[in-house]
Amino acid sequence: MNLHLLVALPVVTALFLLLLRDLRQIRLIALIGSIVQLGACFLLLDSYLDVRAAGITEPVLFKSSAAWFPSLGISFTTGVDGISLAMILLSALVVLAGVLVSWNTEHLPREYFFLLMLLSAGAYGFFISLDLFTMFFFLEVAVIPKFLLIGVWGSGRKDASALKLALMLMAGSALVFVGMLGLYFNSADSFGAHTFDLETLSMQAMSLNQQLMFFPLLFIGFGIFGALFPFHTWVPDGHSSAPTAASMFLAGISMKLGGYGCLRVAAYLMPEAANYYAPVIITLAAIAVLYGAFATLMQTDLKYINAYSSVSHCGFVLLGIGMLNQTAITGAILQMVSHGLMTALFFAAIGMLYQRTHTRMVSQLGGLLRFMPFISTVFVIAGLCSLGLPGLSGFVAEMTVFMGAWEKHDTLSRVATIASCASIVVTAVYILRATGKVIFGPVADAHHGEAGDACWNEKLAAGVLLAGILIIGITPFLLTQLIQPDIERIMFNIGRDLAY
Amino acid sequence: MTDFLHLLHHELLLSLVIVCMLILKLADRGRSGSSWSNLLNVLLLINFAGGLLIEAEGSLFDGMFRSNALLHFEKNVLSLGLLLVGLLATPYLRNHKHSAEFHILIASTLLGMFFMLSAGHMLLFYVGLELATIPLAALAAFNLNRGESSEAGAKLILSSAFSSAFLLLGISFVYGTCGSLQFEQIALTVSGNPLQLLAFTLVFTGFAFKLSIVPFHFWTADVYQGAPIPVAAYLSVISKAAVTLVFISVLYSVFGALQATWTPYLLITALLTIITGNLFAMRQDNIKRFLAFSSIAQVGFILTGILGANVDSEGIVLYFLLIYLFSNLAAFGVAGLISAATGKESILDYRGLHASNPRLAWTLTIALFSLAGVPPTAGFFGKLFLLTSGASLGNYLFIGIAALNMVVSMYYYLRIVKAMFMETTAQPIGKIPTGVAPAIALALCIAGILVSGLSGSFYEHIHLLTLSY
Chain P
1 MNLHLLVALP VVTALFLLLL RDLRQIRLIA LIGSIVQLGA CFLLLDSYLD
51 VRAAGITEPV LFKSSAAWFP SLGISFTTGV DGISLAMILL SALVVLAGVL
101 VSWNTEHLPR EYFFLLMLLS AGAYGFFISL DLFTMFFFLE VAVIPKFLLI
151 GVWGSGRKDA SALKLALMLM AGSALVFVGM LGLYFNSADS FGAHTFDLET
201 LSMQAMSLNQ QLMFFPLLFI GFGIFGALFP FHTWVPDGHS SAPTAASMFL
251 AGISMKLGGY GCLRVAAYLM PEAANYYAPV IITLAAIAVL YGAFATLMQT
301 DLKYINAYSS VSHCGFVLLG IGMLNQTAIT GAILQMVSHG LMTALFFAAI
351 GMLYQRTHTR MVSQLGGLLR FMPFISTVFV IAGLCSLGLP GLSGFVAEMT
401 VFMGAWEKHD TLSRVATIAS CASIVVTAVY ILRATGKVIF GPVADAHHGE
451 AGDACWNEKL AAGVLLAGIL IIGITPFLLT QLIQPDIERI MFNIGRDLAY
Chain R
501 MTDFLHLLHH ELLLSLVIVC MLILKLADRG RSGSSWSNLL NVLLLINFAG
551 GLLIEAEGSL FDGMFRSNAL LHFEKNVLSL GLLLVGLLAT PYLRNHKHSA
601 EFHILIASTL LGMFFMLSAG HMLLFYVGLE LATIPLAALA AFNLNRGESS
651 EAGAKLILSS AFSSAFLLLG ISFVYGTCGS LQFEQIALTV SGNPLQLLAF
701 TLVFTGFAFK LSIVPFHFWT ADVYQGAPIP VAAYLSVISK AAVTLVFISV
751 LYSVFGALQA TWTPYLLITA LLTIITGNLF AMRQDNIKRF LAFSSIAQVG
801 FILTGILGAN VDSEGIVLYF LLIYLFSNLA AFGVAGLISA ATGKESILDY
851 RGLHASNPRL AWTLTIALFS LAGVPPTAGF FGKLFLLTSG ASLGNYLFIG
901 IAALNMVVSM YYYLRIVKAM FMETTAQPIG KIPTGVAPAI ALALCIAGIL
951 VSGLSGSFYE HIHLLTLSY
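Read top to bottom, the protein sequences are chains P and R. When the letters of the first sequence are read in order and numbered with my numbering, they come out as residues 1 to 500. When the letters of the second sequence are read in order and numbered with my numbering, they come out as residues 501 to 969.
It is possible that part of the hints are untrue.
Computed beta-carbon distance windows for the label pairs [to be verified]:
(1) P:63 <-> R:693: 56 to 62 Å
(2) R:527 <-> P:193: 58 to 64 Å
(3) P:63 <-> R:668: 55 to 61 Å
(4) P:193 <-> R:661: 44 to 50 Å
By construction, these hints were calculated from the structure, which means they are not laboratory data. The C-beta atom is built at its ideal place from N, Cα and C for all residues, glycine as well.
Turn these sequences into a full structure, and let the hints steer you where they fit.
Right, here's the structure in full:
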């Protein structure tokens, strides 16, 4: 299967949108585009599993490489393995749900859906890239649409949030870029020229000193995308100001770019440095988990609640990566997928509530179950997934991270693991408190009932994401089997380098 | 004789165009402003298209004048730039009674740049440089009834006279120590004795003035602000590109032996230029002053690229200049259209532009994104390649600072985008008629911005050209 299709589909959809004027046509095309994307992703999954079932153990499948800037060692190399496939599926689900919840965007719909499609092209491109420069290109492609989405269609202090988000993410990419250059100038392909090719780079051992210099650049750079403490401050502002679909994309896709980059680029290419810096990573991740959870306790705005809890949940991703063992990294990836689906669902539910009640303040909401049973149910399920109820994806992911983290014996890791476990209690407090008040509590405003329950598009959006959460929660082995060989390969690579 | 014609075809064609313009002007019987513009733009188009036809390699006048495929390419880029400026200038010139003179003067400066680029000898280089500069002072003062325009002209001529003095003193020292003004001879005899170092420093200073490298940048913002927008665009793009290209060949081939001297010069000035340009650009409210400081910062990035001095560097800088030409001309073009229609030149006036003029707003946005280095625009590739070139020396701290400065520059470019898309004002700019000529120019710029990055073949073509010469 040609992977370029994954990037081409959203781009073609986006360009096609530019020709249209009417909201109905625009959203129809956007919906068709995102359904086709999802279909293509499932097709890809299917053919991937077929090839794997045939016993082919090549690390990366459907690989293709086209020269882009050959004299600088830049090529458009693409391919997928289980991990990137999981991310691609997650993106496709979130994109579809995002388009569905934006069904009634009246203000500049053409530009709005154009930017959404551009963003998704960036995400797909990032996950299929096997060339650092190409990857970086797509990483940045996914930044600027967010600036415009938040700034033009957002709410609250949208200008400031949009600018803050764009600048912080750009600063992250600047660090990534310098780190990339470090890798580039310490590399040599078979002709002795420098290269950005990930596989070639992974074969070459950099000296420890070089690694120690460039690892922090890459890790912090990607970490900013993945809400690494203390560079997480764009998350609450950005999420809370963004329109619903942009919040979903931000939390569901963009933050995953960071975690994926930390694992795939920083830790994979420079394992010795990752091992060296592991205590720092673990400490920061544990702080993010705890700090995020406690900060959430203080929030009164539903979007802020979800945004801060995202900081906490993304801390688990980095915690898993920092532990550098197979179980923990499996957990980290599970958590990325699970958190992507769960937060997107949560934001979708909040968006639906907001549309009907025109408020996101917990204090002004109450007893919504009576008026909007469907939305309320979705809200409750998303909340339960967030607090890690067994049977939903959050439980599986966090449990796996904890088990992996427990495998590491030193005191710091133990303390960090226990502290992170403790955060679950705090999570339960804020989730249950918010749910109790908003959904089950006494009715705060009788007018809230006038807008009715979810429409078909909102139901479909929620259904798509719910399906993902339930499938991972009930049959997690589907996902773990998919990513298992790749994690083993990463671990093998890391172990080989660490043995020296 | 055919050799002569082939090697000099750019210069001859452009001279012919200038003479045609002069004759047309002399034979003029009250032609209207817009028909003048169309006629002259056709001449510029002929100039550009004619330049593409012939490629020849060789030298004339005892090596004083050289030509090869790379130089032809560079001249074609500059001709394209002139054509775009001509097209963009039509709304400005519509009501100006001297529109023919405008074109004659601006084409003469391009002729000077052509000779400057092809020079193999300090004298021809200097003559070319002066021909490229002096008409610009007249152009900067082209807003005849505005005092600040005359001020801009005076400032430009004074500062360029000042920098020429440095340059000439340096050149005479070079002659004193090397015994020749031929580039190849100088390259052979430069050894780095103290007088030569002094000579080089003076030459460097002369260039620094022309390129508005910090701390020799003080004239830039005032001149841009006072000059008509098409002239400011020309100054910031075409004349800067030409001088940069000569600067590269002076550094790499003439003073290549002094690399140990100029590397720290470049490093320090690049850093100063980027940071100063950025800090001042953040605080500007006038779009022309803003673009002036942003172009100073861009020069800092160009210096970063030059710094690398490896096999890729020259190609990367030329590639960036091509992209910069498209991006900056598009930005100036939109600013010029707005200024010609409404007289508004403040960034605050741009608030709500997207609501009234969505096309112009998107054009300016794409241009600014390209200047800021945001993908998928070409500026992304240009900027990052410049940094890659600079990083080949292994000075990652410097590259890190430069990369973070890209983020700072992002702030002020996004500020304008924010004003256009997210803010409103009580007196928004009304619907602005674009006109055919500027619309063509802007479309070309946007196409250039989008295509020259995503398609790697532009860069590879330039890279191969620079490798062979």
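Okay, the hints, checked on the actual structure:
At roughly 57 Å, the beta-carbon separation of residue 63 (chain P) and residue 693 (chain R) lies within the given 56 to 62 Å, and the hint holds. The beta-carbon spacing between residue 527 (chain R) and residue 193 (chain P), approximately 59 Å, falls within the hinted interval of 58 to 64 Å. Taking the beta carbon of each, residue 63 (chain P) and residue 668 (chain R) are about 60 Å apart, inside 55 to 61 Å as hinted. Remark: the range hint 44 to 50 Å for residue 193 (chain P) to residue 661 (chain R) is upheld by a beta-carbon distance near 47 Å.
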